[in-house]
Structures are given as structure tokens and as C-alpha cells.
Amino acid sequence: MNDSLPPQYDRVQQGSLVAGVVLLGLSIALGFSNWTQFFRSYLVAFIFWTGMGLGCMAILMLHHMVGGTWGFALRRLLESGAKTVRLMAVLAIPLLLIVPKLYSWAAPEADRAAMPPFKRFYLSRTFFTGRTIFYFAAWIVLIYFLNKFSAEQDRTGEPGILRRLQNLSGPGLLIYGLTVTYASVDWAMSLEPKWFSTIYGMIFMVTQALSATALVTVVVMFLSDRKPLSDIVTPLLFNDFGNLLLVFTMLWAYLSFSQYLIIWAGNLQDEIPWYMARASGGWAWVALALIVFHFAIPFFLLLMRFIKRRKRILAALAAGLIVMSVIDIYWLTVPAFEPKGPEFHLTDYGTLIGIGGLWMWLFLSQLRKRPLLPLHDPRLEEVLHHG
Amino acid sequence: MRKHALYGLMAEFETADALLEAVRKAREAGYRRLDAYTPFPVEGLADALGFHTTRVPLIVLIGGLIGCFGGFFLQYYPNVIGYPLNIGGKPYDSWPSFIPITFELTILCAALSAVFGMLALNGFPTPYHPVFNAPRFELASQNRFFLLLEARDPKFDAEKTKQFLVELKAFEVSEVAT
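The listed protein sequences correspond, in order, to chains B and L.
Per the numbering used here, the first sequence runs over residues 1 to 387.
Per the numbering used here, the second sequence runs over residues 1 to 178.
These are calculated hints, taken from the structure and not from any lab test.
Where hints are given, some of them may not hold.
Below, a list of computed lysine-lysine pairs in the BS3-like style, where the Cα atoms sit at most 30 Å apart [claimed, not checked]:
1. K90/L with K194/B
2. K227/B with K340/B
3. K155/L with K340/B
4. K148/B with K369/B
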């Protein structure tokens with residue numbers, strides 16, 4: 001099929017697999033000298049790449065609900081990206097096996113009798129494991145049906161399938177919101193079990209949506225010069241991608257600042273140490289970098305139309321936003337382990353790029369299975385014939 | 001003010017595609033002073049007309065900056081200089097709590113300068129405009145698409161331009177008096 005992924009991506013796919021296996025292998029080898037550190041690095045990489053797949057799923061469902069030309073170019077990429085969640089389910093198993101190594105509430109020396117009764121019940125290892133299994137089950141089922149209906153639409157072209165996709169996506173977005181909120185509380189917030197923030201899950205959702213949109217923008221840039229994407233990808237479409245990135249960048253800043261403002265104004269002893277750790281020592285520089293490179297600079301650049309319409313510039317900016325999303329997750333989680341400031345660990349890079357390699361390999365192998373543009377979507381046919 | 005007998009020629013088209021095609025041909029033929037009137041936004045029309053950037057973004061930026069600094073000063077001055085009060089032991093210059101209002105005023109001033117800047121640059125309010133002299137022009141807000149070639153275009157020639165528009169298969173070509 002000439003409408004699917006061009007053959008030169010075979011090598012990218014193999015390269016990703018090799019890089020993934022080698023780097024993850026090297027990190028595991030380093031892990032023999034310090035398993036705790038290995039799993040701390042692994043947790044950050046796991047949270048980021050799971051979020052990438054979930055972000056793809058969320059944007060996909062959003063597009064089923066609201067439509068728009070921008071989504072047809074992205075649809076296949078998002079479907080393939082969402083399918084990586086099953087890989088992340090496998091990669092979650094090691095984490096579930098070593099919960100006491102990472103989470104202070106599960107550590108053998110934890111004084112569980114002193115915990116409030118509900119917290120003791122909620123933050124128990126069995127319940128934690130059960131919840132994680134439940135999240136992945138819900139996501140995998142949702143992604144399975146999103147892909148199944150879409151494949152049926154390609155095959156049969158039956159117009160009623162669009163309706164089915166919408167009926168799935170509406171509740172699906174609700175499920176996404178709830179599960180990601182709980183998952184972010186479990187995996188990241190409970191690293192510091194005394195601290196809590198109700199906006200926390202939203203920050204993770206926005207980071208997922210932002211990193212997924214940024215990734216597919218970069219991939220579309222590479223694919224846009226040849227058929228079939230060249231049929232519908234125009235500078236105007238990149239303008240749309242740029243606007244989406246702008247929205248998510250602003251929303252990220254809005255939510256992150258709201259959380260900060262509320263906790264700063266309240267100045268309560270259970271809440272404020274979380275920010276004290278993140279705004280002192282080396283972490284202060286990371287926080288400053290987030291403000292400048294995750295908000296201020298991308299915000300001003302994305303306001304400008306000439307940047308949004310030049311795909312190479314926009315893709316470079318999107319790549320920068322992916323890096324900043326990683327740093328944001330790092331800044332949200334790692335101070336729990338390294339309160340004095342960020343430390344240098346090879347495993348941080350090894351696990352992040354290693355899991356990323358496996359992610360990219362699965363993403364590309366899913367992408368090659370089907371044509372790059374959805375067939376028979378009634379709304380896309382309208383675009384192609386009237387655009 | 002001297003009165004021109006002719007403001008321009010108005011051509012009426014039945015479909016958006018016909019209008020778009022006519023606009024492209026007119027641009028190719030060298031017409032620069034032209035405008036189109038449609039009942040709904042037509043994709044690609046602005047580009048075909050040779051849409052150029054305006055000064056609205058600059059006005060919005062200035063408005064936004066005024067709102068931003070004004071909003072911050074509005075809170076900074078009374079809290080730090082004019083009437084400093086100890087609130088919850090916080091420093092007088094508690095800038096994080098000034099941000100929401102600073103942000104809101106930035107948006108408000110930017111939005112207002114966008115609306116009024118756009119209106120001013122468009123020359124509004126304009127109580128009288130010659131295009132309304134064109135017959136059936138009210139259909140531009142219903143189901144017809146209009147192309148106007150202005151008489152002040154250097155390429156304009158009452159006879160040749162009329163011929164040109166007829167060749168573009170306009171439904172009707174009419175003269176527009178000033």
C-alpha cells in the first residue's frame with residue numbers, strides 16, 4: 001500500500017528498538033549497584049511515557065467528539081500512540097513488585113498505625129496494585145474499541161460507525177479524567193503522602209495532552225511532504241496544531257500557577273514544604289527554567305502566526321515542549337527523593353530514552369499496519385472534496 | 001470633496017467557487033483594489049484577495065502591555081506604597097497574589113484594543129458607503145457572492161473592466177455610483 005508509512009521508517013523503527021533495548025539493558029546493569037535509584041529513574045520514565053500514550057488517547061477522543069480537519073491528519077498517529085499503553089501495562093509490573101522501595105507509606109519501617117484510618121486503607125499495597133491494574137484495564141479496553149471501530153470504518157465505510165465512536169468517546173473522556181486523576185495521585189503524589197492538591201490530576205492531564213500533541217506535530221512534519229498526508233496538510237493545519245499547543249501551554253501554566261497560588265496563600269504546614277523543597281537549592285533553577293521555557297518563551301512564540309505556519313520551526317518548538325514536559329514531571333516527582341536539589345544519575349537518561357525507544361518502536365509498528373489517513377470518515381471526505 | 005461618477009464595478013456570482021475563481025483571475029490580471037462580499041466566510045478568499053497583515057496585532061500588544069503593567073501597579077501601589085497593611089504576615093509586595101488581576105486586566109485591555117483597534121482601522125463608524133448603491137447588494141448577506149473592482153485601481157477602465165467581468169461569467173455586472 002502506498003498510502004501507509006514509507007519504507008525508510010523501517011530503519012527508524014529498528015533503531016528505536018535497538019536503542020530501547022540497549023539503554024534499558026544498560027540501566028538495568030547500573031541497577032545492580034543501586035536498585036532504589038534505578039526504580040526512581042524508572043518511575044519518572046514510566047509516568048512520562050504512559051502519559052504520552054494516554055494523551056494520544058485523550059486527543060483522539062476529543063477529535064471524535066468535536067471533529068475538525070486538524071484531527072484527520074493526526075488520527076492514525078493518535079491511534080497508534082494510544083496502543084502503546086499496553087506496553088506500559090507490561091512495564092508497570094516491575095513497579096508493582098517493588099512498591100515498598102519507592103513509596104514511603106509502604107516501606108517496612110513506615111509507622112502505619114499512626115496514619116489516619118482512611119489513608120491506611122487507601123495507601124495499602126494490595127489496593128494500590130489493584131487500582132493500577134484497574135486503570136490499565138480501563139484504558140486498554142477503551143483503546144481497543146477506539147481502534148476496532150475505526151478499523152471497521154476503514155473497511156466498511158458504514159456511516160453509523162462515526163456515531164459509535166462518538167458514543168464511546170464521550171464517556172471515554174470522563175473515564176480518562178477520573179482514572180488519570182487517581183493514577184497521578186497513586187503513582188506520583190503518594191511519594192509524599194502528607195501532601196495533597198486537588199488540581200494535581202489536571203496538571204498531569206494537560207501535560208499528557210501537551211506532550212502527545214507535540215509529538216504528533218513533529219511526526220506529521222516528517223510525513224507531510226509525501227502522500228497521503230500532503231493531500232490535507234497545509235500551513236493552515238500547522239496553524240491549528242500551533243493553536244492547540246498554545247492552549248495546552250497556557251492551561252499548564254494556569255493550573256500550575258493556581259496550585260502554587262492557593263498553597264502559597266494558605267501557607268499551611270502540611271502543604272507548604274512541598275513547594276519549599278521545589279523552590280530552594282537546585283530545584284529553584286529547575287522551577288525557573290519551567291517558567292521561562294515551559295511557559296514564557298513558547299507562549300510568546302506560539303502567539304505569532306508566522307511561527308505556527310512554518311512546520312519546521314513549529315516542530316522544533318514542539319520538540320522543546322516535549323523536553324519541558326519531561327522536566328515538569330521530574331520536578332513534580334523527584335524532589336521526594338532528592339530534597340536538596342537535582343542529582344545526576346545515568347539511569348535517569350537511560351530509562352527515559354530506553355522506554356522511549358520501545359515506545360517509538362511499538363508506535364511505528366502500529367502506524368505501518370494501516371493507511372495513514374482514515375478511509376470513509378464522512379467528515380474527512382467532505383474536507384477532501386470541498387477544501 | 002470632488003465626486004467621482006463611478007465608485008467601481010460590482011459583479012454578482014452564484015457560488016463561492018465562482019467568486020474565488022474570479023478573484024484569482026482578477027488578481028492575475030493585475031487588479032489590486034478589489035473587495036469581495038459573501039454571506040459566510042469563504043475559505044481561502046482572504047488569501048486570494050491578497051490579504052495583508054494589519055496593524056491590529058501591534059495595537060493589541062500595546063493594549064495588553066498597558067493592561068499588564070497597569071493591573072500590576074493598581075495592586076502594587078496601594079499595597080506597598082500607599083497604604084501598606086500586614087496581611088497574614090505576608091510581605092507587602094506579595095506579587096503571586098497580584099497575578100490573577102494582572103492577567104485579567106491584560107486580557108481585558110488586549111481584547112478591547114483588538115475590537116476598537118479593528119473598528120478604527122476599518123474606518124468605522126461609516127454612515128455612508130457607496131457599495132450599497134449596487135443593485136441587489138442586500139443579497140450579499142443571504143445567498144449571493146459579490147466582487148467589487150474599484151474605479152481608483154490604475155488598471156480600471158470602465159469598458160474593459162466590464163468586459164473582463166462579463167467574461168468571468170458573472171451573473172450580473174453593475175456600476176456602482178459614489
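Here is what the structure says about each hint:
1. Note on K90/L and K194/B: the hinted pairing holds, with a Cα-Cα distance of about 24 Å set against a maximum of 30 Å.
2. A threshold of 30 Å between alpha carbons decides the hint, and for K227/B with K340/B the separation of about 52 Å lies outside it, so the pair is violated.
3. At roughly 73 Å between alpha-carbon atoms, K155/L and K340/B are farther apart than 30 Å, so this suggested pair is violated.
4. Restraint check: the Cα-Cα separation between K148/B and K369/B comes to about 13 Å, which is no more than 30 Å; the hinted pair holds.
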